[in-house]
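Put together the whole structure using the sequences plus the hints.
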Amino acid sequence: MSGLQPGVWYAIAAEHDLPKDHVYRTMLGGHELAAWRSTDGAVHVWEDRCPHRGVRFSLGEVVGDELRCQYHAWRFGKTGACTFIPAQPDLKVPRTIHAAVWPVALSAGLVWSGIEPTGAPPELPPGAVLRAIPIARAAASVAHALVKEPLSGLALVLQPLDETATIVRGIALDDDLVRADHALLALRRRLEQAA
Amino acid sequence: MTPVDPILWNDWHPVAARCMLDPARAHETMLLGVPLVVTINADGTIAVQRVDHAAPHQDERYGLVWVCLGTPTREILPIPEADEPDRPIVVVGSVGVRASGPRVIENFLDLGHLGYVHARYLGDDPHTRVLPYTVEPLPEGGIIATQCKMFQPQASPAATEGFMVDYIYKVERPLATCLYKANPVQRDRFDIIFLIVQPVTEETSIAHPLLLCLPDGTTPAALRAFQQTIFMQDKPILENQVPKRLPLADGAELPIAADKSSVAYRRWLSAIGLTWGVIRADEKARAA
Amino acid sequence: MILYDAHHLAPCYAVRLLAGCLGVTLELEPLDVYPGHANQTEAFLALNPLGTLPVLVDGPCIITDWLEALAHLALTHDRAWFPAEHAALIGWLGMARDLGASAGAARLIDTFGAPGDAAAARAQANALLDEVERRLWFSERGFGERIGQDWLIEGPHPSIADLACFVFIAPCEDGGLSLRDRPALRRWCDRVRFLPGFVSMSGVFPPMANTGR
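Here the protein sequences line up with chains L, B and U, keeping their order. In this text, residue positions in the first sequence follow numbering that gives the first Met the number 0: the first is 0, and each later residue adds one. In this text, residue positions in the second sequence follow numbering that gives the first Met the number 0: the first is 0, and each later residue adds one. In this text, residue positions in the third sequence follow numbering that gives the first Met the number 0: the first is 0, and each later residue adds one.
Keep in mind that the hints were calculated from the coordinates and are not lab data. Where hints are given, some of them may not hold.
[Said to hold, decoys possible] Residues on chain B that point at chain U, a partial pick, calculated with CB under 7 Å: (1) CYS18; (2) GLY92; (3) GLY95; (4) ALA118; (5) ASP124; (6) ALA220; (7) ALA224; (8) THR228; (9) MET231; (10) GLN232; (11) LYS234; (12) PRO235.
[As the list claims (entries may be wrong)] Derived, one-sided and incomplete: chain B residues facing chain U with beta-carbon distance under 8 Å: (13) ALA16; (14) MET19; (15) ARG24; (16) SER93; (17) VAL94; (18) ARG223; (19) GLN227; (20) GLU238.
We put the beta carbon where it would ideally sit given N, CA and C, even for glycine.
Spelled out as structure tokens, the structure:
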């Protein structure tokens with residue numbers, strides 16, 4: 000299903016996408032992911048699905064160091080373990096009830112994850128983190144277009160959402176975010192308007 | 000084309016409410032993947048048609064238009080209480096939802112969410128503990144859950160204070176469920192809410208709620224508004240459940256004791272061999 | 000003040016939401032629009048020949064346009080919600096109407112079977128949502144001398160523009176749209192939800208209980 004290479008770090012968010020008390024939502028290689036920050040600043044990336052009845056964690060809410068599912072308000076702590084079930088408040092929650100936790104690394108102002116990624120995420124040159132642009136084309140098409148017509152002054156990485164869509168992320172080396180945004184939107188128009 | 004699940008193909012399903020139909024505009028809808036057109040004349044006659052096909056079996060009952068695309072194996076769901084003279088039927092108004100029919104039914108049975116998704120209407124923190132209740136099979140098929148209790152701050156428009164409400168839930172057809180709820184004014188009798196789900200595609204449905212409530216001064220408009228409010232609160236939950244089709248394998252999702260009805264519903268769907276809108280226990284992931 | 004209201008209609012919600020944020024009490028007159036068509040009765044059409052909801056009645060003032068109702072409440076209760084010195088206020092209120100005609104329409108078509116072309120409404124909505132996302136992202140991140148902004152219009156205080164757009168953006172997934180790849184919109188929606196006095200519409204989740212907010 001995924002087309003995700005194991006062993007590889009993929010950028011899935013910018014650090015600025017994760018303010019306090021917020022659940023960020025994205026996809027990677029067909030896997031839905033939720034990300035949030037605990038009070039110590041650490042970032043947690045989980046499969047975006049509560050193990051109870053499959054409701055997306057991204058519909059829920061972060062309260063301090065817990066994520067609460069919107070459906071039955073089950074609480075999950077930083078490790079992914081379920082810590083409280085309001086329908087049965089006296090129950091000592093079995094360890095089998097937990098979120099599916101994904102690996103996380105923070106680098107270059109971005110949040111990275113993947114399937115058994117090895118080593119460190121790719122290094123990016125210094126600059127300003129761009130606004131991420133979704134493009135309704137497979138990552139291979141986007142990569143091909145960037146090879147044919149490279150965008151100057153930008154260091155880019157691709158986040159494959161699934162077989163049909165990709166998010167372009169990266170750094171503007173000259174900090175000119177407006178120019179970078181125009182260039183990426185133009186790329187998007189070229190790719191999405193072509194057959 | 001794989002044949003559509005015979006259990007549903009040969010059963011009756013609602014496709015429209017009479018009160019939603021307009022002589023000026025044909026109503027286009029879909030049942031089990033089949034496009035249908037429902038029309039009403041100036042004289043009130045309703046007709047359901049299929050494109051390039053003979054008209055399907057059709058009937059009207061309880062203010063809803065029902066269709067069977069195959070050969071009906073039984074009658075339209077009987078609602079004996081609909082014949083009680085002091086119970087007007089209120090059609091709430093159909094609501095589309097991007098969820099599979101079984102997911103919609105299962106949510107209706109769920110008690111643990113009443114104090115959260117429907118906070119201040121059907122339950123409230125901290126009274127969200129689900130007390131033990133009983134679930135049994137029904138002799139003609141389906142399940143019944145009894146001794147369900149939940150503290151509700153405002154269980155209906157007429158209720159002036161919160162109290163412990165007794166519920167009984169039944170599921171008599173795969174996509175039809177009802178609940179009997181203690182009437183807030185006549186506490187020894189029940190109000191009845193039916194939820195009958197029209198399977199549009201395996202991942203989308205239209206919910207047709209019906210109310211059969213004892214008159215207590217609440218207008219039909221107020222009853223409708225309350226039920227619509229409740230369903231609209233469930234809609235984003237239902238639309239954010241993954242996978243869309245209800246997984247029937249034990250262990251696919253993690254029930255707790257409070258989820259007894261859901262477990263029984265899923266097991267019943269497995270036992271009767273339903274394939275529509277579910278992921279069967281023996282199925283390899285077919286693009287879940 | 001009386002508000003002729005229907006709970007699930009976003010323009011009605013906008014007025015209730017602003018009233019909540021202002022701490023103003025509205026006497027609600029709910030109408031059974033769906034499926035009762037109570038907004039098409041002679042009595043209601045006498046009040047508002049356009050048959051639209053909401054209608055706000057404040058003493059002798061009968062206001063049949065929801066944006067005007069928002070402006071009226073802001074101007075009479077707390078002008079911080081009406082930043083008249085910013086021309087952008089007009090642009091954003093226009094955007095709110097456009098969101099209503101697109102995202103709002105898709106929601107009504109998919110949810111209540113209202114007439115219309117849902118696919119066309121979604122296509123229009125997607126273009127608008129992309130633009131609101133872009134502008135919000137640049138407001139938040141700030142550039143040049145501007146510091147990070149939380150709201151659609153520059154300044155520390157939310158405005159009626161935020162609420163007018165929120166009531167179509169927050170429930171847009173009811174109409175088959177998605178906020179998944181629009182993280183700035185999702186953050187902004189949370190900021191609106193956490194405003195003191197926030198009230199919800201079914202399908203827009205208020206902050207969960209017992210969270211100390």
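Of all the hints numbered above, which does this structure not satisfy? Sort the numbers upward. none
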